[in-house]
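Novice: Order-wise, the sequence lines are chains G and C.
When we follow our numbering, the leftmost residue of the first sequence carries the number 1, and every step to the right adds one.
When we follow our numbering, the leftmost residue of the second sequence carries the number 1, and every step to the right adds one.
Keep in mind the hints are simulated off the structure, nothing from the lab.
Some hints here could point you the wrong way.
To be verified - Below are the DSS-like pairs computed for lysine-lysine, each with C-alpha atoms no more than 25 Å apart in a straight line:
| id | chain 1 | residue 1 | chain 2 | residue 2 |
| --- | --- | --- | --- | --- |
| 1 | C | K29 | C | K103 |
| 2 | G | K27 | C | K177 |
| 3 | G | K13 | C | K29 |
| 4 | G | K13 | C | K41 |
| 5 | C | K29 | G | K42 |
| 6 | C | K29 | G | K72 |
| 7 | G | K58 | C | K2 |
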Amino acid sequence: MSLSQRGLEFIDKLDKYGGVTRQWIIKSEEETSPDYGYLPWKRPMNEYINMGVINLDKPPGPTSHEVVAWIKRLLGINRAGHGGTLEPATY
Amino acid sequence: MKEYVCLMELHREVEECKLREVINQFVGKIYQRPPLRSSVKRTLRTRDIYYIDILDIQGKWVLMRIGCAPGTYIRKLCHDIGLVLGTEAHMRELRRTATGPFKEDETLTTMHELSEAIYLWRECGYEDLLRKVILPAEYLVSHMPKVIIRDTAVDAIAHGAALAVPGIVRLHEGIRKGDVVAIMTLKGELVAIGEALMSSDEIAKASKGLAFRPLRVIMKPGVYPRCWGKARS
Numbered sequence: 001m002s003l004s005q006r007g008l009e010f011i012d013k014l015d016k017y018g019g020v021t022r023q024w025i026i027k028s029e030e031e032t033s034p035d036y037g038y039l040p041w042k043r044p045m046n047e048y049i050n051m052g053v054i055n056l057d058k059p060p061g062p063t064s065h066e067v068v069a070w071i072k073r074l075l076g077i078n079r080a081g082h083g084g085t086l087e088p089a090t091y
Numbered sequence: 001m002k003e004y005v006c007l008m009e010l011h012r013e014v015e016e017c018k019l020r021e022v023i024n025q026f027v028g029k030i031y032q033r034p035p036l037r038s039s040v041k042r043t044l045r046t047r048d049i050y051y052i053d054i055l056d057i058q059g060k061w062v063l064m065r066i067g068c069a070p071g072t073y074i075r076k077l078c079h080d081i082g083l084v085l086g087t088e089a090h091m092r093e094l095r096r097t098a099t100g101p102f103k104e105d106e107t108l109t110t111m112h113e114l115s116e117a118i119y120l121w122r123e124c125g126y127e128d129l130l131r132k133v134i135l136p137a138e139y140l141v142s143h144m145p146k147v148i149i150r151d152t153a154v155d156a157i158a159h160g161a162a163l164a165v166p167g168i169v170r171l172h173e174g175i176r177k178g179d180v181v182a183i184m185t186l187k188g189e190l191v192a193i194g195e196a197l198m199s200s201d202e203i204a205k206a207s208k209g210l211a212f213r214p215l216r217v218i219m220k221p222g223v224y225p226r227c228w229g230k231a232r233s
C-alpha cells in the first residue's frame, strides 16, 4: 500500500467516525513524499501529544479548567483546551 | 451538535400523553433567554432542538436524551417544559453524551486510564496505550467535508494563502460556497480549516481559480517544502 493510500484510508476512517457519507470527486491521482510530514498516527510522541485530542469522561468534582491544568502538567505541554463546560445542574 | 441525557423532576405528576405532547412542542426552533447565572449576554435568542427522546418516566421523574445546537441551556428547557405543562419542573441531573463527532464510544477514556498510559510511556517506554487514549487531532474535523491537496500546495496554505483549484487532488461532493471545510494532505494531516469560495461542482469542472480561503491555519509552515514565490527554477 502506498503512502497516500494509507493517508486516504485514514481519511475514510475519519469520515466514518464523523458520520460523513459524502462521495469523493477525484481531480487527479497523486502520491505524497515520505521526506516530510507524517501519517497522523505515526507522529513521534512529542508531536503526537501536541496534535492530539482526548475524548475524556471528566469526573464530576474538578472543573474543566482544573482537569486541563492537570493534563498539561502530566503530559508536559504548554497549551491545551477543553470543549466547553456544563451548566450547573442545580441553582 | 451536542447531546445530553437529562433527568427532569416535575413538581406534580401529569398524564403521560400530555407530557409527551408538550415535550414534542419543544422539538425544532425554540426561544431561550440565558439564565442569570451565565457568562453570555442575556438576549432572547432562538436555538435548535434536533430531538428529544423520552427514555423513562417514573411518576414525577422524566429521563430524556436531547440533541441540540451548542449554547442551549438544558436547565432552562426543563424549566420551560414545566411552565407549559403547568406543573413547574427543574433539571436534576445532566450528562453531556456527545460533542460534535465525539460520543460515548470506544474512544471515551478516563483520567485513570490517561495517567496509567502516561506512566507506561514515561517509565516503561510503552507508547501503545497513550496512542490509544490520545487521538490524532484530525478527529476534531472528522464530521466536516474535506479537501485533499497535493504536497506542493501545502506550505502556501500553511502561510495563509488561499487554495487554488490546481492544488486540489480530491474533495467531497456537495460543498457549497460559504461552507467550512477541512483542508488535508494526502497523508491525512490537517493543514487548515477553510471556507469554500466555489462549490464542489464548480471545482470539479474548473482548472483554475481560488477555491478555498483559510479561516484557521493548523499546520506549521516549513513542514512541507516551499513551492511558491518568485525565486523558483
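Novice: Hint by hint, say whether it matches the structure.
Specialist: Evaluated hints:
Between K29/C and K103/C the alpha-carbon distance is near 24 Å, which keeps this suggested pair within the 25 Å criterion. For the hint linking K27/G to K177/C, the alpha-carbon distance of about 19 Å falls within 25 Å, and the restraint holds. A distance of roughly 33 Å separates the Cα atoms of K13/G and K29/C; the hinted pair therefore is violated under the 25 Å criterion. Restraint check for K13/G and K41/C: the C-alpha separation of about 39 Å exceeds 25 Å, so the hint is violated.
For the proposed pair K29/C and K42/G, the alpha carbon gap of about 44 Å is over 25 Å, so the pair is violated. Simply put, K29/C and K72/G have alpha-carbon atoms about 39 Å apart, too far for the 25 Å limit, and the pair is violated. For a cut-off of 25 Å, the pair hint linking K58/G to K2/C stands: about 16 Å separates their Cα positions.
Comparing the model with each earlier hint shows violations of hints 3, 4, 5, 6; every other hint is respected.
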